[in-house]
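Position 335, counted from 1, in the sequence shown is what this note's numbering calls 335; the numbers after and before it change by one each time, with no gaps.
Possibly wrong hints are sitting among the right ones.
Simulated DEER-style distance windows between Cβ atoms [what the hints assert, rightly or not]:
#1 214 with 369: 21 to 31 Å
#2 156 with 331: 29 to 39 Å
#3 238 with 104: 26 to 36 Å
#4 193 with 214: 36 to 46 Å
#5 160 with 369: 26 to 36 Å
FYI, nobody ran anything at the bench for these hints, they're computed from the structure.
Keep in mind the model is a prediction, meaning the values are calculated, not measured.
Note that beta-carbon positions come from the ideal geometry of N, C-alpha and C, so glycine has one too.
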Amino acid sequence: MRVAVVSESDLAHTNGVTNSVLRVEEELQRAGHQTLIIAPDSDGGTPVPGEGTLSFAIPSYPQVRLGLARSTRLEGILADFGADVVHLASPFVLGWQALAAARRLQLPTVAVYQTDMRAYAQRYGWAGATALVEAHLRRLHDRATLNLVPSQHSLQQLQELGVTELHLWRRGVDLVRFDPQRRSECWRQQVAPGKLIVGYVGRLAPEKQVEDLRVLTDLPGVQLVVVGDGPSRAGLEKLLPGAHFTGRLSGIELAEALASFDVFVHTGESETFGQTIQEAHASGVPVVATGVGGPLDLVHSSFDGWLYRPGDLADLRRRVADLIGDNAKRRAFAEAAWQGVQGRSWSALTAELIEHYRRAIMMQRAATAGSRG
Numbered sequence: 001m002r003v004a005v006v007s008e009s010d011l012a013h014t015n016g017v018t019n020s021v022l023r024v025e026e027e028l029q030r031a032g033h034q035t036l037i038i039a040p041d042s043d044g045g046t047p048v049p050g051e052g053t054l055s056f057a058i059p060s061y062p063q064v065r066l067g068l069a070r071s072t073r074l075e076g077i078l079a080d081f082g083a084d085v086v087h088l089a090s091p092f093v094l095g096w097q098a099l100a101a102a103r104r105l106q107l108p109t110v111a112v113y114q115t116d117m118r119a120y121a122q123r124y125g126w127a128g129a130t131a132l133v134e135a136h137l138r139r140l141h142d143r144a145t146l147n148l149v150p151s152q153h154s155l156q157q158l159q160e161l162g163v164t165e166l167h168l169w170r171r172g173v174d175l176v177r178f179d180p181q182r183r184s185e186c187w188r189q190q191v192a193p194g195k196l197i198v199g200y201v202g203r204l205a206p207e208k209q210v211e212d213l214r215v216l217t218d219l220p221g222v223q224l225v226v227v228g229d230g231p232s233r234a235g236l237e238k239l240l241p242g243a244h245f246t247g248r249l250s251g252i253e254l255a256e257a258l259a260s261f262d263v264f265v266h267t268g269e270s271e272t273f274g275q276t277i278q279e280a281h282a283s284g285v286p287v288v289a290t291g292v293g294g295p296l297d298l299v300h301s302s303f304d305g306w307l308y309r310p311g312d313l314a315d316l317r318r319r320v321a322d323l324i325g326d327n328a329k330r331r332a333f334a335e336a337a338w339q340g341v342q343g344r345s346w347s348a349l350t351a352e353l354i355e356h357y358r359r360a361i362m363m364q365r366a367a368t369a370g371s372r373g
């Protein structure tokens, strides 16, 4: 199968969209399929695999670049590649043009909903554009051959917009990289000697609500650790003066840090999924997460972690304190968390994705035959 993957985000920007695009590409190639990635050029000329497009920075978040390309150019790229199916990763601007190109070529499209653009519009000062964003999402996903969503919450979001052909497809997790055996007492001694570690991993940006961690800074015997970087870092360092900021980590460094946490905290309320939650689970770390959005599918309260009431920071503090103060419960939750993700390798999830591709191809063939008949 020849799969063209169109990424809305430039691949140099670390986020859930780019991470999943790169892992899907890797697994598809391992399974013998041919792939082409079409993505925005990165600022500074960082090369990207496949085909790059012009890009522009979001004014209120210049680290993020979105792609621009004429649909006629994309049509030529897809035709030259001989795509069997077009995978639209979090489509919005570039994805819309790629969708138009694929439709003209009568190619099946699989639109993967990964970003709550309505929430981003509100968070970054575009609240007046919410209705326009919703209308655009409705048109885009209505025209895709089929749509994949990562969680029940995301499914409901698109259903409320009137979108059909919705299917659940979660995300894989790297079970080799993220493993409880990565826990490092040496790392712990360097970062928080004699203390338990409560940690966060992710972008330091307004939509992640990392500032909510301030209610945890004075928990006795606890060191707050923040892994990641982004536009909010300077402000967060002032707000959380006792926290240890590692900056962005990746690969084994990230896996070692995550496995060395005692409790992982997820604060963002606009997540369609919550990949770092899965990575914490694979690392054998219990999670305390806000009870809205993607985390509802990933964290099972009183079994592998706690969900706290959205916006209730006193409840967040209580849930973290509960695990910090109970070693037996923390270990039991950690074991349950690890067990819960053992069937979610990227290989397994990509096999599911391939079946969705095949379904989309069959649907497109039927639609094309029907129009000719």
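Comparing the hints with the structure gives:
{"no.": "1", "hint": "214 with 369: 21 to 31 Å", "result": "60 Å, violated"}
{"no.": "2", "hint": "156 with 331: 29 to 39 Å", "result": "34 Å, holds"}
{"no.": "3", "hint": "238 with 104: 26 to 36 Å", "result": "52 Å, violated"}
{"no.": "4", "hint": "193 with 214: 36 to 46 Å", "result": "23 Å, violated"}
{"no.": "5", "hint": "160 with 369: 26 to 36 Å", "result": "33 Å, holds"}
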